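Residue numbers (this note's numbering), protein chains in the order written: chain A, 2 to 432; chain B, 763 to 1019.
Quick caveat, the hints were computed from the structure, so don't treat them as lab data. Treat the hints with care, since some could be wrong.
[To be verified] Covered, in the sense of this in silico footprint (three residues per stretch, anywhere, with C-beta under 8 Å from a C-beta of chain B), are these stretches of chain A:
id	stretch
1	57-69
2	126-135
3	207-219
4	363-377
[Stated by the list, open to error] Here are the simulated distance ranges between beta carbons:
id	chain 1	residue 1	chain 2	residue 2	range
5	A	I16	B	R929	56 to 62 Å
6	B	L774	A	H255	36 to 42 Å
7	B	K775	A	R169	30 to 36 Å
8	A	I33	B	K910	27 to 33 Å
[Said to hold, decoys possible] Partial list, derived from the structure: chain A residues whose beta carbon lies under 7 Å from chain B:
id	residue
9	G49
10	L138
11	T142
In this text the structure is predicted, and so the values were computed from the model without any measurement. Backbone N, C-alpha and C define an ideal beta-carbon position, used for all residues, glycine too.
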Amino acid sequence: MKLIISLPKIKIPKITLPRITSWRIWAAMLSIFMAAGATCGVMVLWKGLSLTNLTDLVPWGLWITIDLCSIAVSAGAFSLCAVVYLLRMKRFQPVARTATFIGLIGYSMATMTLMLDIGRPDRFWHSLVYWNEHSLLWEVTMCVTLYLGVLLLETLPIFANIDWLRDRWPRLAGRMSQAHQLAPYLAIAGLALSMLHQSSLGALYGVLIARPLWYRPDISVLFIISAVASGMSLTVFASMLSAWLTRRASVDDHLLDRISQIIGWILVLYLYFRFWDAWSMNYTYQPGRTEGLHLLTDGPLSFNFWVGEILVGIIIPMILLLNKRTRALPLWRMLALLFVVGGVVAYRWDTNISGLMVVLSYLPGDPNISYASYHPSLIEFLVGGGIISYGLLAFSLGVRYLKVVNHYSTVVHVLQPESKAMEQLPVPAGD
Amino acid sequence: MSENKINRRDFLKLATVGVTVLAGSQFLRQPAAASEPGPSGGHKWVMVIDQAKCTGCGYCTLACRAHNDVSPDISWNVVTKTGQVDNQDVYLARPCMHCAHAPCVDVCPVHASISRPDGIVMMDYDRCIGCRYCEVACPYGARSFNWKEFDGPNPAVPEWGQPEIARRPRGVVEKCSFCFQRIDRGLALGLTPGLDQDATPACVVVCPVGARQFGDISDPDSNVSKLLRNRASYRLREELGTSPHVFYLPATEEPLS
Chain A
2 MKLIISLPKI KIPKITLPRI TSWRIWAAML SIFMAAGATC GVMVLWKGLS
52 LTNLTDLVPW GLWITIDLCS IAVSAGAFSL CAVVYLLRMK RFQPVARTAT
102 FIGLIGYSMA TMTLMLDIGR PDRFWHSLVY WNEHSLLWEV TMCVTLYLGV
152 LLLETLPIFA NIDWLRDRWP RLAGRMSQAH QLAPYLAIAG LALSMLHQSS
202 LGALYGVLIA RPLWYRPDIS VLFIISAVAS GMSLTVFASM LSAWLTRRAS
252 VDDHLLDRIS QIIGWILVLY LYFRFWDAWS MNYTYQPGRT EGLHLLTDGP
302 LSFNFWVGEI LVGIIIPMIL LLNKRTRALP LWRMLALLFV VGGVVAYRWD
352 TNISGLMVVL SYLPGDPNIS YASYHPSLIE FLVGGGIISY GLLAFSLGVR
402 YLKVVNHYST VVHVLQPESK AMEQLPVPAG D
Chain B
763 MSENKINRRD FLKLATVGVT VLAGSQFLRQ PAAASEPGPS GGHKWVMVID
813 QAKCTGCGYC TLACRAHNDV SPDISWNVVT KTGQVDNQDV YLARPCMHCA
863 HAPCVDVCPV HASISRPDGI VMMDYDRCIG CRYCEVACPY GARSFNWKEF
913 DGPNPAVPEW GQPEIARRPR GVVEKCSFCF QRIDRGLALG LTPGLDQDAT
963 PACVVVCPVG ARQFGDISDP DSNVSKLLRN RASYRLREEL GTSPHVFYLP
1013 ATEEPLS
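Could you put the whole structure together from the sequences, leaning on the hints where they help?
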């Protein structure tokens, strides 16, 4: 007997490493941050909010700020849609399209952050069912939910642009494109809902009599003006950056120049209200309010306030954007727009934290004020970083595959296959 | 293409249906369990805390922890030293103020904080989503969030009493309830809250010096009505207009500014 052992021939597969491109590095980096954020998010859901550095004195922190900011920078969607469909300046339509896509990302970021930030994420639907019409937070929740629906409808035509969707289900893609017919109505709904909740996010703080620094009507006005400025700025900035980095994006610089000028004027309005708001608080001593104001003007938040919010956030970009020569230079314009967004982020952070840091005692007698402190924990940072990375990746994918920054495509929404061509295409059943 | 176009009429139809469904859901929702009036019978419960008597022993906090099964990390009732009168330390105990115009009730997005007709500000722990807006809105710091699960034994039990209500889960806000469970049960048994110990908040019952009184202010002959008629009293941060249901009798006869 012979034992025949035949060894299989081992084929060494040829390993081909994917080519390293800057796009892949970017996507991989964001994915790593997202994975870290998701891991920490699961830990928070599992272990609870004790993993954060939030306390009963400072129960709202970094995540609320991310929430406020991602909603603020999404305000380009409603404002530019209103410009296009209600003021009937149709030429801005491609920019509004970018803004709407950013809006969808921003609101989904806010929803994710909120889900982690509330103590009982399993009960998030309670505010949609058990209405307390007196609560601004209820109003904000309803508006954000409804507006997320509006944004989904508004972005349907963008998603109809996915190549494989158009090949595979052309009729579905056609239907999705047709949601464009609703655009004027959606613009009205978006304007109404956004005017409500963008202001209410400020009013949410402004109605609290327990917090003298917040208890003033101006916050709601400041919130909506700053939101529109930052939302438009992010849209223009992201469009310009995309066009600079990739050939998949193309911009009509004339449109962006016009919008940048408008942002400059919005900043004038914002500075005007901001000035009187801060100035008027300066005159009489009111326990808690004066201390809170001092946190901003000469306390631990003074750098944020003077440099971040006022100088870099308003004055410098206002000059750069209103001056025709600097506005015409892409680098200066982009810098200015980025400053506006940064300034509004600083404003949201300062607004939230300054009101919480001042602890006004309930004890009788002289006003007894102490200060609470808050530094976000590593987990809060990682979750926040993950959510921001999600936003960046979603936008990058949109630029790459959905052509969300494309000012020269005239057939954006009318990608309807001809009816004859449609008959020839195999249409799957149930579609 | 034209048959697929949504015209104005269709849009309005769709919108009407949407709004109707949304509004209809409001009629279908269950009534809030805790917002049912319950046995109020025209009562208005108030607490009167006599700072001249309070020695700052903190028994009230411990009895509260036991009867309401409160975590050692949380105090529904905080006792603070506020100063001295005639070389005697003066303390201020702070339960929930049960404000008539409670900011927490207004701001809660889900009606998890509600004002009962008898003046008690109640929490519905099954409804709270843990957004902590009420905590930010409360001028008295009377609310605590359950940052982590309270598991394991309650160190205040059994020395200071037995738990009478369910322990709150992680992720909801909790606060003093004027021991509503004792009041409601007591009234059902025909007892008088404030006079009968079994129908009176645990902190009032345990106080060794009788610094706390509890009763019905809508009854002019009740213990608290008489006390508030005869003694000078004040409430915390009255200027805010919250109209608390907790009154303090100052340790000094000098009028408070």
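Violations among the numbered hints: As far as the earlier hints go, not one is violated by this structure.
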